[in-house]
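Chain by chain, the residues run as shown.
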Amino acid sequence: MSTLEICDLHVSVDTREGTKQILRGVDLTVASGQTHAIMGPNGSGKSTLAYSVAGHPKFHVTGGSVTMDGEDVLAMSVDERARAGLFLAMQYPVEVPGVSVSNFLRTAKTAVDGKAPPLRAWVKDMKATMAELRMDPAFAERSVNEGFSGGEKKRHEILQMELLRPRFAILDETDSGLDVDALRIVSEGINRARETNNAGVLLITHYTRILRYVRPDFVHVFVAGRIAEEGGPELADQLEDEGYDRFEQVA
Amino acid sequence: MTPTELAVVPEASRAARRTSFDPADFPVPTGREEEWRFTPMEPLAPLFADQVDGHDVVVDVMAAPGVEVSQVGHDDPRVGAGGAPGDRAAAVAWVSADEATVIAVRGTVPDVTTVTLRGHGRAPSAAHLLVWAEPGASGTVVLDHTGTAVLTETVEIVAEQGSDLTVVSLQTWRDDTVHAANHRLRLADDASVKHVVVTLGGALVRIAPDVQFTGPGGAVTALGLSYGHAGQHLEHRLFVDHAVPRCRSQVTYKGALQGDGAHSVWVGDVLIRAAAEGTDTYEQNRNLLLTEGARADSVPNLEIETGLIEGAGHASATGRFDDEQLFYLRSRGIDETEARRLVVRGFFAELLAQVGVAEVTDRIMAHVDAELARLATQPGAVS
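Protein sequences, first through last, are from chains A and B. When we follow my numbering, the leftmost residue of the first sequence carries the number 1, and every step to the right adds one. When we follow my numbering, the leftmost residue of the second sequence carries the number 1, and every step to the right adds one.
Looking at chain A on its own, in the form it has when it is part of the complex (with noise of 0.2 angstroms):
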């Protein structure tokens, strides 16, 4: 059982029109097991506290705190929150020319685990993973997202969550560009990362409809950069019924 918990959090970006703060103190706790939707129109700040806590260096914390399970996780390089747990499936992967993905995976697989995996449990269990998300095979011998669809691209951030297997997940708009089979495939294959490993997720979006296959326990609702409401997952059908409006006015 573990704890992701984010105090008062504040970050900044810089932008040629100079500093722009973006999280005004947000404050969310996720714990094992858990999934909370984070949920806001475009601009709110939803992508900038995915990208701070993975630790993004063009975000500045000016203030607040994240820790897991008490360690801090501000102090941690990229690689070490990775290691240490953390996961960010990017609503934008980068291209890594000549870098197949089967190799991408294992290097990624054996630094999170600070060993390599055994080989041929290895390889099994990333055919079976890649199966599962409806990937071709081919798919290992290609350069990391390069030329990739859109859809493609999410399967294999999902591929990679489902074989890290972080404590911790955060999701930023993995379901935007999807049709519905791929939204299907890619839910699908998160259920099972948060079941398997028991992983707590922060599922970022800006519509409902990846909530009706990727049930949250938890609706955050994310305005000018702070938490604006929260509730069940009722508040998600609230919000699909009568949209941000409400709270873009209180903003």
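No wet-lab data here; the hints were simulated from the structure. Quick reminder that beta carbons are idealized off the backbone N, C-alpha and C, glycines included.
Examples of chain B residues toward chain A, derived with CB under 7 angstroms:
{"#": "1", "residue": "E324"}
{"#": "2", "residue": "Q325"}
{"#": "3", "residue": "Y328"}
{"#": "4", "residue": "R330"}
{"#": "5", "residue": "S331"}
{"#": "6", "residue": "G333"}
{"#": "7", "residue": "D335"}
{"#": "8", "residue": "L342"}
{"#": "9", "residue": "G346"}
{"#": "10", "residue": "F347"}
Since the structure of chain A is already known, use the hints to place chain B on it.
For chain B alone, coordinates are given in the frame of chain A:
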């Protein structure tokens, strides 16, 4: 106007550039000329003398069975078959080397022939090699340049009808070396040459391969790989002259650079003359900058004098090992050193597969790993 000023006038075409066996036909370059504009001139000055007479580079050949090696003078009819020197340093190499080492490939030669040019000092020296593939012959010759030298070098590569030749020039010099080379390739009907230039060591290395076809059906694959660090200037200038019909040229050069003042230059001139109908050519250069302070100049030039061709294209791109790639890999637990290794190995992977000579690719990878290890211990890396 003085002759020097005349020399700086832009050429109307690459075809107009002078070639000659006589150094006197090339004024001592100032650095303002098109073909010298990226090159630091001062270290090269000793190689622009009328003649160089050092003997600090020793040539040693380990010939595979089926390969005949001989030392010949300029009176041997094969010498000069590759064509005339393309710049002053090349003409100086021509007049300064009394003898040429001829490596003649007969029949099908599966084993690799290795020619070692070992530098023992900085007395300006000249070398002359001639790799000759007889009609229908096939083989692989590796030219391995090591040690310390100030060298101007002629490499003639003559592929007779239907031959299939691979020549690799490997520069693993120490960091105090100055090396100018002019490779002159001549391909007869249906000859294929894979020409590989790998430049890893040396303070200043400038290699200029000139490719000519003398009959239809010739095909050249020109591959280049370089990895430069602080203080190195690595320059590669190609000229592929399509003057006869139905020949192919595929040029792929890739370079990585790291460290302050690391500089690479790639110039790829391809000329398709009016008579060269059915030409198929593609040239590309890719550079990867691993740190701040490194610089890559990349200039593809394509001149086309006939519309009746199969294809002609070029591409050039210089990219940074960027923060987003690094973040992506690190967010998967991969540390910075390992991330950089993945990216650099990935950058060279396809090219190494094309080089295909295991003895060479193993050494390249060992060198790349050593450079990456050096980078990991130095400040100034992009992070």
